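There are 2 protein chains.
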Amino acid sequence: MHTHPHDHHNEEHLESSAVLKDIVIGMSDGLTVPFALAAGLSGAAAASSIILIAGIAEIAAGSIAMGLGGYLAGKTEQDHYNNELKREYDEVEKLPEREKQEVKDFFKQIGLSEEVQNKATEEIAKDKKQWVDFMMKYELGLEEPDPKRAAKSAFNIGVSYIAGGIIPLSPYFFINNSTEALKISVVATLICLFVFGYFKSKMTGVNALSGGIKVTLIGAVAAAAAFGIAKLL
Amino acid sequence: MHTHPHDHHNEEHLESSAVLKDIVIGMSDGLTVPFALAAGLSGAAAASSIILIAGIAEIAAGSIAMGLGGYLAGKTEQDHYNNELKREYDEVEKLPEREKQEVKDFFKQIGLSEEVQNKATEEIAKDKKQWVDFMMKYELGLEEPDPKRAAKSAFNIGVSYIAGGIIPLSPYFFINNSTEALKISVVATLICLFVFGYFKSKMTGVNALSGGIKVTLIGAVAAAAAFGIAKLL
Numbered sequence: 000m001h002t003h004p005h006d007h008h009n010e011e012h013l014e015s016s017a018v019l020k021d022i023v024i025g026m027s028d029g030l031t032v033p034f035a036l037a038a039g040l041s042g043a044a045a046a047s048s049i050i051l052i053a054g055i056a057e058i059a060a061g062s063i064a065m066g067l068g069g070y071l072a073g074k075t076e077q078d079h080y081n082n083e084l085k086r087e088y089d090e091v092e093k094l095p096e097r098e099k100q101e102v103k104d105f106f107k108q109i110g111l112s113e114e115v116q117n118k119a120t121e122e123i124a125k126d127k128k129q130w131v132d133f134m135m136k137y138e139l140g141l142e143e144p145d146p147k148r149a150a151k152s153a154f155n156i157g158v159s160y161i162a163g164g165i166i167p168l169s170p171y172f173f174i175n176n177s178t179e180a181l182k183i184s185v186v187a188t189l190i191c192l193f194v195f196g197y198f199k200s201k202m203t204g205v206n207a208l209s210g211g212i213k214v215t216l217i218g219a220v221a222a223a224a225a226f227g228i229a230k231l232l
Numbered sequence: 000m001h002t003h004p005h006d007h008h009n010e011e012h013l014e015s016s017a018v019l020k021d022i023v024i025g026m027s028d029g030l031t032v033p034f035a036l037a038a039g040l041s042g043a044a045a046a047s048s049i050i051l052i053a054g055i056a057e058i059a060a061g062s063i064a065m066g067l068g069g070y071l072a073g074k075t076e077q078d079h080y081n082n083e084l085k086r087e088y089d090e091v092e093k094l095p096e097r098e099k100q101e102v103k104d105f106f107k108q109i110g111l112s113e114e115v116q117n118k119a120t121e122e123i124a125k126d127k128k129q130w131v132d133f134m135m136k137y138e139l140g141l142e143e144p145d146p147k148r149a150a151k152s153a154f155n156i157g158v159s160y161i162a163g164g165i166i167p168l169s170p171y172f173f174i175n176n177s178t179e180a181l182k183i184s185v186v187a188t189l190i191c192l193f194v195f196g197y198f199k200s201k202m203t204g205v206n207a208l209s210g211g212i213k214v215t216l217i218g219a220v221a222a223a224a225a226f227g228i229a230k231l232l
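So the sequences go chain by chain: U and E.
So the first sequence is residues 0 to 232, counted in numbering that gives the first Met the number 0.
So the second sequence is residues 0 to 232, counted in numbering that gives the first Met the number 0.
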């Protein structure tokens, strides 16, 4: 086992890795979509100035959708949790036998004997808060969401989306010919996508090299498709 | 309790609600970002033809990033699960006492007596597969991912993103004046966002009206920001 939820050091570790995760999510999405959009508009031979405006509009829209969307999703999760919590308290009050049977079913399903199932169920049901907490976590699979985490996470993702989006767009700021700007944008963005994919995979403990290649591939396919479609139109 | 994991009827129910969830996720994102992008470009007084090309490039990029991204994320989750599974089998083999202590800690933390903790731990540890399954699910909090689900989910989200994106863009197809097209786009998109937000909330069991308003708000803020920024440039 690698996690000890009540270890303070580990909580700090989880906090900082959550921030890193937000940054990586926001940045790899921020790199991908504005990159592909700029590639598509270059394919349609749009001027660099139009590409910059479209790109900045996209970054504004995307960062708000991801950031505000993430924040409101966090709030909704909190509401959902509170509703279910209230319902479990009601059910424990009104239908205690049925709820006890469900606790017993849990212990049966993990492989305990009839005797231990009964004892464990009685012990859980002795304390109402403990009983409901158990039901929420292990039967409904709901963890109590941290409302501050949702807001921070939304902010981190939104800002990282902006930071990511600046990379594929910046060549268009300096180079008027959008075909030339696209070349630099492709090289810079694919390198960044690889680096982010690499670290993202390292953090989740899967093969970092193949993770980097996957993320790069998504960006490349998205940009190629946008370029091809815009060129056809 | 509302879920019975081994009930066939309920699995079908979960399956169809997962599809609905994918559709709603893809569609509300597909509505928001192309909508805001088109609004931004209208703010910069771009021609409807440019807005259409940018919008279609964005839809291609966004649907590939969400679809392919979702698919590869599903694959990564599967790898992660398999790595952890292998590690747990190793640890149960090499450090059985430490792993038993962790099972015991779980039973302690949910509130069982010392006696029942010991009995339950012995019963779990009798069978290696049962023991590892328990550790995976209740200590690491990992569910075995369904690889087919990941692919289907990616496809549903990608297609829904495209379907969603067509709504804010279609007025620009019929109306050359982008300011006029924007007006229809705003009305059509905000109505659709409200409807999707409403159903999304209904599905998760939170207040549907406030959910609809939230989703509409995200779209409106993103579009207004993109419009404002593009107008300034």
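For the record, the hints were derived by calculation from the structure and aren't laboratory data.
Every value quoted in this text rests on a predicted model; they were computed, and no experiment measured them.
Treat the hints with care, since some could be wrong.
To be verified - Calculated pairs, SDA-like style, for lysine to any residue (alpha carbon to alpha carbon, straight line, at most 20 angstroms):
1. Lys74(U) - Phe154(U)
2. Lys128(E) - Glu83(E)
3. Lys118(E) - Gln108(U)
4. Lys20(U) - Glu76(E)
5. Lys74(U) - Glu83(E)
6. Lys201(E) - Ala72(U)
7. Lys230(E) - Phe154(U)
8. Lys85(E) - Leu67(E)
Outcome of the hint check:
no., hint, result
1, Lys74(U) - Phe154(U), "holds, 14 angstroms"
2, Lys128(E) - Glu83(E), "holds, 14 angstroms"
3, Lys118(E) - Gln108(U), "holds, 16 angstroms"
4, Lys20(U) - Glu76(E), "holds, 15 angstroms"
5, Lys74(U) - Glu83(E), "violated, 31 angstroms"
6, Lys201(E) - Ala72(U), "holds, 14 angstroms"
7, Lys230(E) - Phe154(U), "violated, 25 angstroms"
8, Lys85(E) - Leu67(E), "violated, 27 angstroms"
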